[in-house]
Amino acid sequence: MTNPDAQKLRREMIDDVRRKAERDFHDTRYDFVRPLGRRRALVVLVFTLLAAYAVLNYFDYPEFVLPVFLLWGVSLWLIRMSTRGIVDYPDEIVDERMRSVRGQTYRYAFMGACVFMSAYMVFYIANQLMAKQGWVLPTTADQMHDLSFCLFFACMSLPSAIYAWNEKLI
Amino acid sequence: MCRSLRSETGLGARFMVKSLLHEYSINTIFYCMVRKKRSEEAPVYNRLAALRADQGLTRQQVAEAVGVHYQTIGYLERGEYRPSLLLALQISRLFKLPVEAIFSLDPMSSMSEQLFDSKRISS
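If you read the sequences in order, they're chains A and B. Residues in the first sequence are numbered from 1 upward in steps of one, following my numbering. Residues in the second sequence are numbered from 1 upward in steps of one, following my numbering.
Okay, chain A solo, but in the shape it has when bound:
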């Protein structure tokens, strides 16, 4: 037993997504960032800015943090526009080739996220051990929080970045 209003709402939502996908797949406004070279340059820029954000946060340069973060946001948005948001659409909306490329993309993104997470864990455990031994604590809790935010942003950017890097024509 399903509520007819809920069914109608569901249909409307699905139609909305389909219409948005249709618009995105034929959108030519962001063609200037779609050539492979430019997409790859953007991916490099995104991760360079993220590394800069982490370093600036870690060594406490708050005046540079916000501009770098904003630049990172704009670069990531451009990458997402260049890939037409394909990484986020449901399976029924993208075609079989895109599904296959996307599947591979998410596999690489998962591996990448695991590598980032492991590096962070090792760093965290090393810090804890050093603190327990009474050695100088090189990283404060605030710095660890900042690093965890960077880790989150890196993991968030991975699927779009990998898709943008690998797909020859979009």
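It should be emphasised that the hints constitute simulated quantities derived from the structure, not laboratory data. Possibly wrong hints are sitting among the right ones.
As the list claims (entries may be wrong) - Keeping only pairs whose Cα atoms sit at most 16 Å apart, straight-line, the calculated EDC-like set for lysine to aspartate or glutamate is: (1) Lys-132/A / Asp-88/A; (2) Lys-168/A / Glu-80/B; (3) Lys-8/A / Asp-91/A; (4) Lys-168/A / Asp-31/A; (5) Lys-20/A / Glu-63/A; (6) Lys-168/A / Glu-77/B.
Keeping the supplied structure of chain A fixed, place chain B upon it in accordance with the hints.
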């Protein structure tokens, strides 16, 4: 100190390292790096471009008729993507030809060569 360090790291770190090595062994990473690209694996040849040109269809029109993105038709024509059975059947239905007339595991001779051969045989 070593003993205390070992107990501190304990099961957690050991489990993490072991599971990482198990999930992403060096072999897996190496395989990902050196494996052939999909386009380099056994190709499926097709005469989609010739048929499309013959019928005066654009990639966009073919894509809309079979329900894929127009870039996918480009990938198919260049032999960089191997279609699913469903897509191959849809394309063969669109051109009203059997699947083996459009897709083949062996390189295809051009249509002009085939036409010339068939004329020579009939004469």
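These are the hints, each one checked on the structure:
1. Lys-132/A / Asp-88/A: Outside the cut-off at roughly 44 Å; violated.
2. Lys-168/A / Glu-80/B: holds, 10 Å
3. Lys-8/A / Asp-91/A: violated, 21 Å
4. Lys-168/A / Asp-31/A: Given pair Lys-168/A, Asp-31/A holds - Cα atoms ~14 Å apart, limit 16 Å.
5. Lys-20/A / Glu-63/A: Violated, at roughly 38 Å.
6. Lys-168/A / Glu-77/B: holds, 14 Å
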